[in-house]
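Each protein sequence line maps, in turn, to chains E and H. The opening residue of the first sequence carries number 14 in this note's numbering; numbering runs sequentially from there. The opening residue of the second sequence carries number 14 in this note's numbering; numbering runs sequentially from there.
Some hints here could point you the wrong way.
Which copy is meant is left open, because identical chains are indistinguishable; a pair holds if it fits in one copy or across any two.
Once the Cα atoms are required to be at most 25 Å apart in a straight line, the calculated BS3-like pairs of lysine-lysine come out as [as the list claims (entries may be wrong)]: (1) 265 with 177; (2) 181 with 20; (3) 177 with 250; (4) 265 with 20; (5) 181 with 324.
Hints are computed from structural coordinates only; laboratory data are not their basis. Since the model is a prediction, treat every value here as computed from it, not as a measurement.
Given next are the chains, with one letter for each unit.
There are 2 protein chains.
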Amino acid sequence: MANTELKNDRFLRALRREPVDVTPVWMMRQAGRYLPEYRASRAKAGDFMSLCKNPQLACEVTMQPLERYPLDAAILFSDILTIPDAMGLGLYFSEGEGPKFKRPLNNLADIEALPMIDPLDDLSYVMDAVSVIHKELAGRMPLIGFSGSPWTLATYMIEGGGSKDFRKAKQLMLDQPEAMHLLLEKLAITVAAYLNGQIQAGAETVQIFDTWGGLLTTSGYEEFSLQYMRKIIQQLKPGADGKKVPVIVFTKGGGLWLETMADSGADCLGLDWTIDIDVARKRVGSKVALQGNMDPTMLYASPKRIREEVKNILSKYGSGTGHIFNLGHGITPEVKPENAGAFIEAVHEFSAIYHQ
Amino acid sequence: MANTELKNDRFLRALRREPVDVTPVWMMRQAGRYLPEYRASRAKAGDFMSLCKNPQLACEVTMQPLERYPLDAAILFSDILTIPDAMGLGLYFSEGEGPKFKRPLNNLADIEALPMIDPLDDLSYVMDAVSVIHKELAGRMPLIGFSGSPWTLATYMIEGGGSKDFRKAKQLMLDQPEAMHLLLEKLAITVAAYLNGQIQAGAETVQIFDTWGGLLTTSGYEEFSLQYMRKIIQQLKPGADGKKVPVIVFTKGGGLWLETMADSGADCLGLDWTIDIDVARKRVGSKVALQGNMDPTMLYASPKRIREEVKNILSKYGSGTGHIFNLGHGITPEVKPENAGAFIEAVHEFSAIYHQ
Chain E
14 MANTELKNDR
24 FLRALRREPV
34 DVTPVWMMRQ
44 AGRYLPEYRA
54 SRAKAGDFMS
64 LCKNPQLACE
74 VTMQPLERYP
84 LDAAILFSDI
94 LTIPDAMGLG
104 LYFSEGEGPK
114 FKRPLNNLAD
124 IEALPMIDPL
134 DDLSYVMDAV
144 SVIHKELAGR
154 MPLIGFSGSP
164 WTLATYMIEG
174 GGSKDFRKAK
184 QLMLDQPEAM
194 HLLLEKLAIT
204 VAAYLNGQIQ
214 AGAETVQIFD
224 TWGGLLTTSG
234 YEEFSLQYMR
244 KIIQQLKPGA
254 DGKKVPVIVF
264 TKGGGLWLET
274 MADSGADCLG
284 LDWTIDIDVA
294 RKRVGSKVAL
304 QGNMDPTMLY
314 ASPKRIREEV
324 KNILSKYGSG
334 TGHIFNLGHG
344 ITPEVKPENA
354 GAFIEAVHEF
364 SAIYHQ
Chain H
14 MANTELKNDR
24 FLRALRREPV
34 DVTPVWMMRQ
44 AGRYLPEYRA
54 SRAKAGDFMS
64 LCKNPQLACE
74 VTMQPLERYP
84 LDAAILFSDI
94 LTIPDAMGLG
104 LYFSEGEGPK
114 FKRPLNNLAD
124 IEALPMIDPL
134 DDLSYVMDAV
144 SVIHKELAGR
154 MPLIGFSGSP
164 WTLATYMIEG
174 GGSKDFRKAK
184 QLMLDQPEAM
194 HLLLEKLAIT
204 VAAYLNGQIQ
214 AGAETVQIFD
224 TWGGLLTTSG
234 YEEFSLQYMR
244 KIIQQLKPGA
254 DGKKVPVIVF
264 TKGGGLWLET
274 MADSGADCLG
284 LDWTIDIDVA
294 RKRVGSKVAL
304 QGNMDPTMLY
314 ASPKRIREEV
324 KNILSKYGSG
334 TGHIFNLGHG
344 ITPEVKPENA
354 GAFIEAVHEF
364 SAIYHQ
């Protein structure tokens, strides 16, 4: 579906650094546990992965925040660990401990034996979810597809779950860099095909979540994370309208490396809250759009304080094009839905003056 | 004890940006669980706080890494949470969950009721430990005293322990900034007196651990963390030799803010591993010494790889004065003692050429 057919195309216009009426806004993890209607859908599904694997239910929860709030983009409801799961690592969620793998990768032999998958086939439930959601949206606003970055997927696959310092992954990276590169190469090929499948199924934008790139050194980030995101971006195909599909790269904790990220081919950089957005804009010049960057814990403050912070970030950005408002990381389960609403409404209310 | 009386004064010379023969090195948490002799001392003490509170045992574990490795500084064995404990919050350690407080601070009334303590009296066990260690060192090398930063202490005091996103602390900061400032003011006064007590008892340097400052926004960091560290630094008294005692400020995740940190009155900035040390040096000019910055997970790699990384960081720093080698965060319990040894020896071995 072409950009021009969308009823609300603010988000895509901002990604392309074109003028908008108000600053577009969405929230990472906007379909999530902070919403009672999400918790009801999840209870219906049984568990989290059953929710991801059922295209109708994935569509249902994707639409929920759009019914409540004047958001400017929808994001596919899914998980970043679908790819390792399809590769046979056995994803499961243990209560209070987050995602785990039954069969983590322990050595080069495991990495060599890791099967290559065809996301169109092996992750057809994701492609189906994108199609169903795209149809349900009916041009109301754009749909964002996404994937974890190769580095981020690799850390979970080697650790067997989350970790404080990712020592196993780093140990492999340091002592057997060729094994790590083989894994990242396999993942980059798969992620590119996965995102291309989502684009083909109707995603108008894609975001790469590099949640753990910020734990690397500068040279480690370039060699083991950014390099592979660059390769993915080079392989992305145009959308149904023949236009380039914008790519957002979000490296949490990547504030020191914005210049090299802006040279990765990304159209937009996601920012966490530790960097001032005006400083970020100066550092990247006019190369890319910027997405962010309110601290998600701000949503635990009062609506009054939330509104102040929105004003503050908007005034830092000023009247330039290319700003998409978002949180600096995903919204958390204990946030009150009305606080999320105060945030989203404030973005539209206070940004109009910057777009006259 | 005056600088000139120390048998090994490399560390102090580097802090003052004076020439040295080789780059001095120490490790945050160098007296710790990765050493079998430490685990034996701790078993003898019963629990962690009993170890901290017994000056003889605190001295014993402080000396252990110095016996094993050619380190250039000793650091007081203690915990950053001694101050809140002395203020009556009831510190305890629950297995696998880290430090906790029985009576966390919930609101302004709790903060107003928080008693001011006299560290010389109420934390006399810390002052005793410094004296005993200083005597035991007998001028062999300098002793580092330390404290948590007011912001870092405040986060634990409000959360009641560690936290992923410190939402309670941030909520108080955002909605009742005057309450947070009152708490930080109380803590800054106490930390200054605490560090002055350690200096009086024989600490030749002090380090402020701002473990959680990096989770703030740029303006939040300046207002709620750096401002109070600046106040502490201004109140520090000279050492026994009448000279200014050097202060190291370590904000984990503070790489974006080095310029303002260098203007805080600190003599040295501690760096985590996410920033290149040559980039850091360019950004702060000649104002301060720099401490760091090898990724502590590097110690899980092979001694060969560890030695390469030491070379790499040394070559980035080059031949300038003012480098103290350290890890970018504390050494972790599962590191092999011989890997720590490979690290420390490599620093001396490969740095001589930069000091000719």
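Item to check | Those earlier numbered hints the structure runs against, lowest number first | outcome: 2, 3, 4
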